[in-house]
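Enquirer: If you're matching them up, the sequences are chains C and B in order.
Terminal number for the first sequence in full-length UniProt numbering: 208, no gaps in between.
Terminal number for the second sequence in full-length UniProt numbering: 208, no gaps in between.
Everything labelled a hint here was simulated from the structure, so no lab data went into it.
In this text, all values refer to a predicted model and were calculated from it rather than measured experimentally.
Take the hints with a grain of salt, since some may be wrong.
What the hints assert, rightly or not - Below are the SDA-like pairs computed for lysine to any residue, each with C-alpha atoms no more than 20 Å apart in a straight line: (1) C/138 with B/185; (2) B/38 with C/95; (3) B/138 with C/183; (4) B/99 with C/205; (5) C/38 with B/33; (6) B/38 with C/128; (7) B/99 with C/165; (8) C/99 with B/205; (9) C/138 with B/153; (10) C/38 with B/153; (11) B/99 with C/168; (12) B/38 with C/185; (13) B/138 with C/185; (14) C/38 with B/127; (15) B/38 with C/37.
Said to hold, decoys possible - Here are some chain B residues the structure puts well away from chain C; computed CB gaps all over 12 Å: (16) 12; (17) 32; (18) 36; (19) 45; (20) 56; (21) 72; (22) 75; (23) 79; (24) 89; (25) 100; (26) 111; (27) 123; (28) 170; (29) 175; (30) 177.
For each residue, glycine too, the CB sits at the ideal point set by N, CA and C.
There are 2 protein chains.
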Amino acid sequence: MVTQSGKPVPDAARRSEKSRRAIYEAALALVAEAGYPKTTIEGIAARAGVGKQTIYRWWGSKADVLLEAFLDLSEQAAEAAGQVPYAIPDTGDLAADLKAVLRATVDELLDPRFEAPSRALAAEGLVNEQLAREFVAKLLEPQLQLYVDRLRSAQDAGDVRADVDPRIALELFVSPLAQRWLQHTGPISYEYTDTVVDYALHGLAPRS
Amino acid sequence: MVTQSGKPVPDAARRSEKSRRAIYEAALALVAEAGYPKTTIEGIAARAGVGKQTIYRWWGSKADVLLEAFLDLSEQAAEAAGQVPYAIPDTGDLAADLKAVLRATVDELLDPRFEAPSRALAAEGLVNEQLAREFVAKLLEPQLQLYVDRLRSAQDAGDVRADVDPRIALELFVSPLAQRWLQHTGPISYEYTDTVVDYALHGLAPRS
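So that you can see chain C by itself, here it is in the shape it has in the complex (with noise of 0.2 Å):
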């Protein structure tokens, strides 16, 4: 293992590491399995094979590690399906953009490491809303703001029509797959997002 500087990194650094990965991952296992409320820092500081100190010393709360290990999966997910994390590309194609991301979306949501914990706090977060705004503020809302960006340099573009709210409008295309995910209100397919980008772009009305 190297830094990004090239150099190698210390065995203290190497432990810290591996440490910190077996506590994302005894985190998620665990809130998948027995949901949020069951789920303690004693009880991933266990299955992590670490002492409850060592979680203590990193991070503040179980809602704490919880957030860092999503962003951490998300980010895997994102560089397995070769992409930059966290970001839109922009290609000057606006739904093509669109559609790529959502596909990509498609992929992480069906991916079963991904699906049990995400619906164990998503469920957590209907219930308590402190929770959820927490989620909110630190993992929903960055990955929305990134459409806002994107919706931006389109309505630059003259792609978006200047009197839209983009973070109003981004929901047209990507709540529709969140509905479909959170309440099993329908099948998820890239057939289907790639419809909703069309649809919001061009709108249901007749264009005269």
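Following the hints, complete the assembly by docking chain B onto the known chain C.
Expert: Chain B only, in chain C's frame:
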């Protein structure tokens, strides 16, 4: 109390109606307070002041009780809002009709009687696919089909493009509100749902 035919209701029917309502209220209160997994037929019966057998005579499972309790709650909310239950108006003005129904949905989502049990059930549905599918089939999908009908009539009138799939199209204005409510990703208001309807009908791209 009289029946629709105008005849007085016999005492036994009146007692049954009173029990049924007590069971609905107990079921909704328990799932809101304790969550779905800890809600039992025994608990509902005790809180409603009826025998367990009364519940088993009418319903096969706690999921069935909750499903009917929710249908009843939605009908009451629609009646309180002066709507015919489960109908989307067709005044010939598609935007106005959709905005009216979504404003009523905003009221329902913000109604405290509705919010706690709905959240508890949606949370369970996230991790319990069988329950989710039952609720979608019996409760959510019939409501969404009303939008399908309204969009088909708009297609006949030339207000929605003929090549649009109504079952997907409705998600452009239904899902953003659903996601904000489910994930606390943003505030809910009439102004918000009105904006979403306008964006969905006219699209984000400029009309040339």
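Enquirer: Please confirm whether residue 89 of chain B is truly not at the interface, meaning its C-beta sits more than 12 Å away from all C-beta atoms of chain C.
Expert: holds (18 Å)
Enquirer: Holds or violated: residue 38 of chain B with residue 128 of chain C, Cα cutoff 20 Å?
Expert: Distance of about 17 Å is within 20 Å: holds.
Enquirer: Given the hinted pair residue 99 of chain B and residue 205 of chain C, is their Cα-Cα distance within 20 Å?
Expert: Judged against 20 Å, a Cα distance of about 15 Å means the pair holds.
Enquirer: Run the C-beta distances from residue 170 of chain B to all of chain C and say if the shortest one exceeds 12 Å.
Expert: violated (9 Å)
Enquirer: Mind verifying the non-interface call on residue 177 of chain B? Its CB should be farther than 12 Å from each CB in chain C.
Expert: Given a closest Cβ separation of 8 Å, the condition is violated.
Enquirer: Grab the minimum beta-carbon distance between residue 36 of chain B and chain C and tell me whether it stays above 12 Å.
Expert: violated (10 Å)
Enquirer: Mind checking the alpha carbons of residue 99 of chain B and residue 165 of chain C for me, to see if they're no more than 20 Å apart?
Expert: Holds, at roughly 18 Å.
Enquirer: Is the hinted pair residue 138 of chain C and residue 185 of chain B satisfied, with a Cα-Cα distance of at most 20 Å?
Expert: The hint holds at about 11 Å.
Enquirer: Checking a non-interface call: every C-beta of chain C should be farther than 12 Å from the C-beta of residue 75 of chain B. Is that right?
Expert: holds (21 Å)
Enquirer: Between residue 99 of chain C and residue 205 of chain B, does the CA-CA distance stay at or below 20 Å?
Expert: With a Cα-Cα distance of about 15 Å, the restraint between residue 99 of chain C and residue 205 of chain B holds, given a limit of 20 Å.
Enquirer: Residue 111 of chain B clear of chain C by more than 12 Å, beta carbon to beta carbon?
Expert: Holds, because the least Cβ-Cβ distance between residue 111 of chain B and chain C comes to about 16 Å, which exceeds 12 Å.
Enquirer: Are residue 138 of chain C and residue 153 of chain B close enough, with their CA atoms no more than 20 Å apart?
Expert: With Cα atoms ~43 Å apart, residue 138 of chain C and residue 153 of chain B exceed 20 Å; violated.
The structure is inconsistent with the numbered hints 2, 9, 10, 12, 17, 18, 27, 28, 29, 30, although it conforms to all the rest.
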